[in-house]
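Engineer: Each chain, written out:
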Amino acid sequence: MFKSRFLLMFSLLLAIGLILGACGSSEDGGEAGGDTNEKEEKEQTSGEGNGDFSVAMVTDVGGVDDKSFNQSAWEGLQAFGEEHGLSKGEGFDYAQSESDADYTTNINRLVRQDYNLIFGIGYLLQPAIEEVAAQYPDTKFSVVDSVAKGDNVASVTFKEHQGSFLAGVAAAKKTKTNKIGFVGGVDGDLINKFEAGYVAGAKSVNPDIDVDVQYAESFAAADKGKLIASNMYSKGIDVIYHASGATGNGVFAQAKDLKKNNPDEDYWVIGVDRDQYEEGAIEDTNVTLTSMVKRVDIAVQDVANQAKQGEFPGGKVLEYGLDDDAISIARTNEEALNEEIIAAVEDWKEKIVNGDVEVPSNRDDLKTYVDSL
Amino acid sequence: MFSNKTVNILIPIISVVLGLLSGAIIMVAFGYNPVAGYAALWNGAFGDAYFLGETLRQVTPYILSGLAVAFALRTGLLNIGVEGQVFVGWIASVWVGISFELPMIIHLPLAVLAAALAGAFWGFIPGILKAKLGVHEVIVTIMMNYIALYISNSLVRNVLTDGSDQTDKVAKSASLASDWLAGMTYFSRLHWGLLIALAMAFVMWFVLNKTTRGFELRAVGFNQNASNYAGMSVGKNVVLAMVISGAFAGLAGAMEGLGTFEYMSVKSGFTNIGFDGIAVALLGANTAFGVVLAAFLFGTLKIGALNMPTEAGVPTELVEIVIALIIFFVASSYMIRWIILRFKREGK
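Residue numbers (the numbering used here), protein chains in the order written: chain A, 1093 to 1465; chain C, 131 to 478.
Read the hints as simulated data drawn from the structure, not as lab findings. Take the hints with a grain of salt, since some may be wrong.
For each label pair, taking beta carbons as the anchor points, the in silico distance ranges come out as [stated by the list, open to error]:
#, chain 1, residue 1, chain 2, residue 2, range
1, C, G313, A, D1304, 30 to 40 Å
2, C, A179, A, V1239, 29 to 39 Å
3, A, E1174, C, F176, 27 to 37 Å
4, A, A1435, C, V268, 52 to 62 Å
5, C, A454, A, E1174, 46 to 56 Å
6, A, D1417, C, V268, 47 to 57 Å
7, A, R1204, C, G293, 45 to 55 Å
Straight-line C-alpha distance at most 30 Å; calculated DSSO-like pairs for lysine-lysine [as the list claims (entries may be wrong)]:
#, chain 1, residue 1, chain 2, residue 2
8, A, K1271, A, K1327
9, A, K1459, C, K135
10, A, K1408, A, K1266
11, A, K1408, C, K299
12, A, K1400, A, K1241
13, A, K1327, C, K397
14, C, K299, A, K1241
15, C, K397, A, K1159
16, C, K135, A, K1241
Every residue, glycine too, gets a C-beta built ideally from N, C-alpha and C.
Let the sequences and hints guide you as you build the complete structure.
Structural biologist: Here it is as structure tokens:
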């Protein structure tokens, strides 16, 4: 008797499963059918080769909607797709990584799905890109923010220290307390570049300025960002520059909370990678002083286009900087970023582009630079 | 014909089925196609040799972290500190791996042993505190997780390298990676660690079920007072259980340090290998064989999930929900047990 009950229960479960399955496919039937057709088409075209060029990117753990670095890269790919009449999933796509064990898996999967060019977004993907690039010499790879070996790898780097220098100038001009802060993601060569440039810029304007430098040790910990920002603002710091990806969302959240409660006080945030004006908006005001815009999108689009035209810069290190407009200071907050600040920023920008000022890109150089002031 | 044993086996199976079904319902509710979603998951885990290799690679540390949690639970201890023990095992194995130049037959076992010892030591501290002072192991192990995370970050940055955030690769003679396995699976990171993990599952079964010591450990798990009355040293068994549990966890770290990555990098957060181990042990009903099966399921889900966004447009987070639901159903096994028993009573 039990046996039949047991069977009944299982068949019920199965039936539910089948009904659900049927629901799903009937609802999305048309679309799903379309999908498979499209996929077949895609396989055919990529089988044919030359005419069709597809490109994909792998994010780091920040995800494609980090409002910062990864999102900017994705916007670049979308722009590339628009330029050539491609749509997501057909011609360009992204894969998101949940942990650092996923990088290699994701890159490999995209290789096996016959993408011609694969971007690794962020220096964290450098070992994975290098490894897979060596295994698949016929696929093109590119790593952003790091230098990877291999003739089929194009390394995309930025002169972030130059942009951060200008952010430091703006911060030093804006602060009333002469105390400014820096929130870094993970303490390492890359973010040290931001730190060095920022400190150098601020000290160039005012050698006595106090710069508090802290690291969250993560690019995805908004809670830590909020905590550090809370500490800094309560110490009297009124401008914080964050170079910490999604961690920075916590800095914005804290600044906005404080601003909402004390509208007369100053709580400024300097954004990074993208123009983060939207992130700082509260009601009729905005806490985003400016952003150190690093046009990852321009670089990604540029490399993708070069590859499509058969001029892929494999094995080379591309360096985008102030002179290519790939690094700039956002001017969306016209109220906060007054003419005096803009004039100072322009002034220093000219000196950097002309080579009158050598912006330090690591802590040792920064020390020499500050001592020489 | 309907013994307690069959119920115990049925509960995890039903939980998995219910979890997957609920996942399907959620997919339908949010306008995704569950058939396409699960097909993408299947293809992402077993689609070809590469994905199979990656799935097995993911399964390897899960088996060991699951064993670690299960072993402690059998002695009545909740080892939340597997995560931290994984970290110290990882760093110890890499340390030995990059510091020495030895023939493989000595170097590899030495690196693996170092990981086990480091993990065992990390388990010994909460064990001895529990045995001597009665400090609850959950609190100590949670704190030790953070200590392990930040100590290993600082070691990578200041001792193993000169300020960089990633160590060198371990020497070839200490690596578990195999060109043969990688070649067979189109360069997946499958490594020999899987054999170690399976061997350890056997070790756990043997120790717990076939030795006097294992009998004592289990007895302490069932009832400490009775064991004490029967002349067993509860404290000694508590420490021993934590040490062995920690050693398993340390080996899980070695799998990552000598197999998957072959290096240690600065981590911004936990790897979740240890925390997932708790789920694996729960689903595996704390038995060696159950843990192996549960680890296969979790590895499959985790690796397959990565394929869902690109192939079916379903977010990977869905798999996290499914896993959480499976654990929920296992944890609420009382409910399932009650339903099964009702069927049974009516059947009589």
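Engineer: Checking against the hints above, which ones are violated?
Structural biologist: Numbers 1, 5, 7, 9, 10, 16 - these are the hints that the structure violates, sorted from lowest upward.
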